[in-house]
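Q: Listed here are the chains, written in short residue letters.
Number of protein chains: 2
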Amino acid sequence: MKFKITATSDKARTGEIRTAHGIIKTPAFMPVGTAATVKAMLPESVRATGADIILGNTYHLMLRPGAERIAKLGGLHKFMNWPGPILTDSGGFQVMSLAKLRKIDKDGVTFQSHIDGGEHRLTPEKSMEIQHLLGSDITMVFDECTPYPATHEEAEDSMRLSLEWAERSKQAFIPSPGHALFGIVQGGIYPDLREESARALVDIGFDGYAIGGLAVGEGQEEMFNVLDYTIPLLPENKPRYLMGVGKPDDIIGAVARGIDMFDCVIPTRSGRNGQAYVRGGTINIRNAEYADDLHPLDPECLCPACLDYARAYLHHLVKSNEILGSMLMTWHNLQYYQDLMKGLREG
Amino acid sequence: MKFKITATSDKARTGEIRTAHGIIKTPAFMPVGTAATVKAMLPESVRATGADIILGNTYHLMLRPGAERIAKLGGLHKFMNWPGPILTDSGGFQVMSLAKLRKIDKDGVTFQSHIDGGEHRLTPEKSMEIQHLLGSDITMVFDECTPYPATHEEAEDSMRLSLEWAERSKQAFIPSPGHALFGIVQGGIYPDLREESARALVDIGFDGYAIGGLAVGEGQEEMFNVLDYTIPLLPENKPRYLMGVGKPDDIIGAVARGIDMFDCVIPTRSGRNGQAYVRGGTINIRNAEYADDLHPLDPECLCPACLDYARAYLHHLVKSNEILGSMLMTWHNLQYYQDLMKGLREG
Numbered sequence: 001m002k003f004k005i006t007a008t009s010d011k012a013r014t015g016e017i018r019t020a021h022g023i024i025k026t027p028a029f030m031p032v033g034t035a036a037t038v039k040a041m042l043p044e045s046v047r048a049t050g051a052d053i054i055l056g057n058t059y060h061l062m063l064r065p066g067a068e069r070i071a072k073l074g075g076l077h078k079f080m081n082w083p084g085p086i087l088t089d090s091g092g093f094q095v096m097s098l099a100k101l102r103k104i105d106k107d108g109v110t111f112q113s114h115i116d117g118g119e120h121r122l123t124p125e126k127s128m129e130i131q132h133l134l135g136s137d138i139t140m141v142f143d144e145c146t147p148y149p150a151t152h153e154e155a156e157d158s159m160r161l162s163l164e165w166a167e168r169s170k171q172a173f174i175p176s177p178g179h180a181l182f183g184i185v186q187g188g189i190y191p192d193l194r195e196e197s198a199r200a201l202v203d204i205g206f207d208g209y210a211i212g213g214l215a216v217g218e219g220q221e222e223m224f225n226v227l228d229y230t231i232p233l234l235p236e237n238k239p240r241y242l243m244g245v246g247k248p249d250d251i252i253g254a255v256a257r258g259i260d261m262f263d264c265v266i267p268t269r270s271g272r273n274g275q276a277y278v279r280g281g282t283i284n285i286r287n288a289e290y291a292d293d294l295h296p297l298d299p300e301c302l303c304p305a306c307l308d309y310a311r312a313y314l315h316h317l318v319k320s321n322e323i324l325g326s327m328l329m330t331w332h333n334l335q336y337y338q339d340l341m342k343g344l345r346e347g
Numbered sequence: 001m002k003f004k005i006t007a008t009s010d011k012a013r014t015g016e017i018r019t020a021h022g023i024i025k026t027p028a029f030m031p032v033g034t035a036a037t038v039k040a041m042l043p044e045s046v047r048a049t050g051a052d053i054i055l056g057n058t059y060h061l062m063l064r065p066g067a068e069r070i071a072k073l074g075g076l077h078k079f080m081n082w083p084g085p086i087l088t089d090s091g092g093f094q095v096m097s098l099a100k101l102r103k104i105d106k107d108g109v110t111f112q113s114h115i116d117g118g119e120h121r122l123t124p125e126k127s128m129e130i131q132h133l134l135g136s137d138i139t140m141v142f143d144e145c146t147p148y149p150a151t152h153e154e155a156e157d158s159m160r161l162s163l164e165w166a167e168r169s170k171q172a173f174i175p176s177p178g179h180a181l182f183g184i185v186q187g188g189i190y191p192d193l194r195e196e197s198a199r200a201l202v203d204i205g206f207d208g209y210a211i212g213g214l215a216v217g218e219g220q221e222e223m224f225n226v227l228d229y230t231i232p233l234l235p236e237n238k239p240r241y242l243m244g245v246g247k248p249d250d251i252i253g254a255v256a257r258g259i260d261m262f263d264c265v266i267p268t269r270s271g272r273n274g275q276a277y278v279r280g281g282t283i284n285i286r287n288a289e290y291a292d293d294l295h296p297l298d299p300e301c302l303c304p305a306c307l308d309y310a311r312a313y314l315h316h317l318v319k320s321n322e323i324l325g326s327m328l329m330t331w332h333n334l335q336y337y338q339d340l341m342k343g344l345r346e347g
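Residue numbers (my numbering), protein chains in the order written: chain H, 1 to 347; chain B, 1 to 347.
Be aware that a few hints might be false.
In silico PhoX-like pairs for lysine-lysine, Cα to Cα no more than 20 Å straight-line [what the hints assert, rightly or not]:
1. H:K4 with H:K238
2. H:K106 with H:K170
3. H:K25 with H:K2
4. H:K342 with H:K247
5. H:K4 with H:K25
6. B:K39 with B:K72
7. H:K319 with B:K78
8. B:K319 with B:K25
9. H:K78 with B:K319
10. B:K319 with H:K39
11. H:K238 with H:K170
12. H:K72 with B:K319
13. B:K39 with H:K39
14. B:K126 with B:K106
15. B:K2 with B:K25
16. H:K319 with B:K39
17. H:K319 with H:K39
18. H:K103 with H:K126
19. H:K25 with H:K11
20. H:K319 with B:K72
21. B:K238 with B:K11
Note that these hints are calculated values from the structure, not bench results.
Using the sequences provided together with the hints, build the complete structure.
A: This is the structure:
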């Protein structure tokens with residue numbers, strides 16, 4: 001994997017990441033394709049919004065349909081008909097947020113599937129193996145997701161465990177051309193812990209660095225604080241990825257601070273729930289005021305939802321729980337997010 | 001509206017119906033777009049399968065979003081971005097199958113909405129008004145749906161009421177170029193009643209004739225019986241529409257008997273439930289045998305579901321209740337049905 005910075009403006013920068021499956025223009029927003037599908041979207045439609053890369057979830061895919069199965073079927077790209085780059089998370093976050101009866105030890109995590117209750121185990125080595133079977137272009141180290149709020153001692157213990165797992169992830173990762181491994185800086189909202197985490201990860205050496213454990217309830221101001229003191233600790237010539245973020249103004253503020261990559265379920269999930277991101281704010285299309293509204297969702301947007309339909313129609317679809325409502329609202333939100341990123345890259 | 005027969009073969013025929021919104025090649029299958037959307041499909045995708053015309057449901061649309069609202073928004077074609085012909089049913093069938101607390105009198109039906117319990121009333125005049133507001137290319141007369149099974153007396157009373165309503169529908173219908181009104185032959189499984197209904201409707205005079213009250217549990221043999229003695233009573237130079245039918249072999253048998261038009265929820269509904277119609281039969285994609293199946297759903301089909309994905313992926317999507325599963329399975333089934341109709345027209 002190669003990263004080239006093409007322009008800078010104060011702390012912000014634009015660039016290109018070259019992977020085995022194509023180029024990612026940065027700053028980049030990665031639509032979330034949890035279960036080998038960006039919900040309610042054909043992959044060619046995701047691509048049409050301008051997305052260069054999508055994210056897949058190791059936790060979901062290992063449980064269903066299974067990483068070995070996907071490998072036998074030709075890998076995740078072929079399975080889901082997405083020929084572009086794919087980043088997979090490590091499974092650590094979802095184990096903590098979705099699985100039942102978790103048991104963490106030094107070696108890894110044992111947990112019950114949220115689907116069928118079956119017992120599974122993830123370790124750094126297992127997470128690397130799964131992401132390799134999936135054929136991920138960008139693999140994330142296996143880490144422990146620090147709860148929020150956490151005391152300094154809790155955040156320290158968690159960060160140190162994640163560091164050990166990062167080291168083991170690096171050792172277990174099978175390098176190949178155009179495939180990358182990213183480290184994840186942890187440490188909660190404690191500057192000394194973030195610094196220890198960042199320095200240790202840089203010592204181990206990764207192809208890119210993510211900042212994890214944010215957007216978990218700390219608020220935007222605190223999140224920007226963490227970015228302000230953490231980003232300067234990361235190498236300039238490696239991509240920086242802010243995990244699970246965020247709303248448009250979170251992204252704008254993070255790009256200004258030097259972040260290159262984002263992922264978030266907000267555009268897809270809120271689209272399915274009837275919330276649209278539009279120039280000037282958000283619209284809850286369920287509101288009665290839109291029942292007779294002949295305007296497009298966002299007059300400046302060129303997605304099919306905005307070009308071909310009135311708000312009144314989208315209101316009707318979402319109120320009627322029609323699948324087409326989820327399809328069009330998701331498409332629009334992903335278009336909005338990609339237009340935002342394009343504006344940031346060109347602006 | 002103009003109907004031209006382009007070829008005949010024994011009782012079967014091919015033709016063209018010219019409407020205000022374009023040409024319908026017959027025999028035609030009309031995908032069902034109940035609530036102003038063919039579920040899980042963009043309208044351009046419906047068109048891409050080869051569909052010339054879709055069906056809208058008066059009952060659903062009058063309740064939500066309301067016919068007056070759709071008229072204010074520019075009519076159903078514009079509202080749902082379907083520029084081609086639309087046939088609307090009269091609401092009679094859904095009032096009987098979906099609404100609560102129905103009260104039928106000579107003049108019409110009072111019923112409670114299945115959505116919010118609100119009281120509504122449909123009469124022949126009201127049904128004509130609603131279908132006019134929607135901008136329907138082919139309007140159906142308001143009829144009473146005869147229950148099945150029904151005694152001769154019940155079927156007779158019901159058919160006679162439907163005849164009165166057909167007469168009133170004809171009087172209330174506002175003619176305009178390229179817009180048609182179809183009568184509906186009722187009479188259950190009783191030849192004398194079907195004959196009385198057909199002759200009386202032909203006397204009133206309609207642009208086309210539907211055969212109603214079939215595919216309600218009588219079985220294919222009985223349905224074909226009814227067609228065998230009813231179709232000869234209808235004018236040769238008018239389109240014949242078998243309502244709510246059916247499975248592929250129902251359609252093949254009905255075309256051989258001289259039917260020109262069909263509608264049915266089977267391809268869309270069964271698609272969402274994981275059942276695919278393929279060359280050689282049906283596939284329930286949920287079955288475990290497809291979990292590792294690298295073949296396309298139907299190797300001869302050119303729809304995106306078959307061109308871009310393996311059965312294993314569709315199995316995964318449907319088992320995971322992913323919206324994309326509904327989208328792809330629906331697309332395939334509609335493509336299968338349109339390919340079937342094309343084969344019948346060309347065969």
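Q: Holds or violated: B:K319 with H:K39, Cα cutoff 20 Å?
A: Roughly 14 Å separates the two Cα atoms, so the pair holds.
Q: CA of H:K342 to CA of H:K247, is that 20 Å or under?
A: Answer holds: H:K342 to H:K247 is near 16 Å, not above 20 Å.
Q: For the pair we were handed, B:K319 and B:K25, check the Cα-Cα distance against 20 Å.
A: violated, 37 Å
Q: Check whether the Cα positions of H:K103 and H:K126 lie no farther apart than 20 Å.
A: Roughly 16 Å separates the two Cα atoms, so the pair holds.
Q: Given the proposed pairing of H:K78 with B:K319, does the C-alpha separation stay at or below 20 Å?
A: Roughly 19 Å between the alpha carbons, so the hint for H:K78 and B:K319 holds.
Q: Please verify whether H:K106 and H:K170 have alpha carbons no more than 20 Å apart.
A: holds, 17 Å
Q: Would the pair H:K238 and H:K170 pass a check requiring their Cα atoms to be no farther apart than 20 Å?
A: holds, 16 Å
Q: CA of H:K25 to CA of H:K2, is that 20 Å or under?
A: holds, 12 Å
Q: Within a Cα-Cα threshold of 20 Å, do H:K319 and H:K39 meet the stated pairing?
A: Holds - the C-alpha atoms of H:K39 and H:K319 are around 19 Å apart, at most 20 Å.
Q: Decide if the proposed pair is consistent with the structure: H:K319 and B:K72, CA atoms, cutoff 20 Å inclusive.
A: Answer holds: H:K319 to B:K72 is near 19 Å, not above 20 Å.
Q: Is H:K319 close enough to B:K39, meaning Cα to Cα at most 20 Å?
A: holds, 14 Å
Q: Need the status of pair H:K4, H:K25: alpha-carbon distance at most 20 Å?
A: holds, 10 Å
Violated hints, in rising order: 6 and 8; the structure is consistent with all others.
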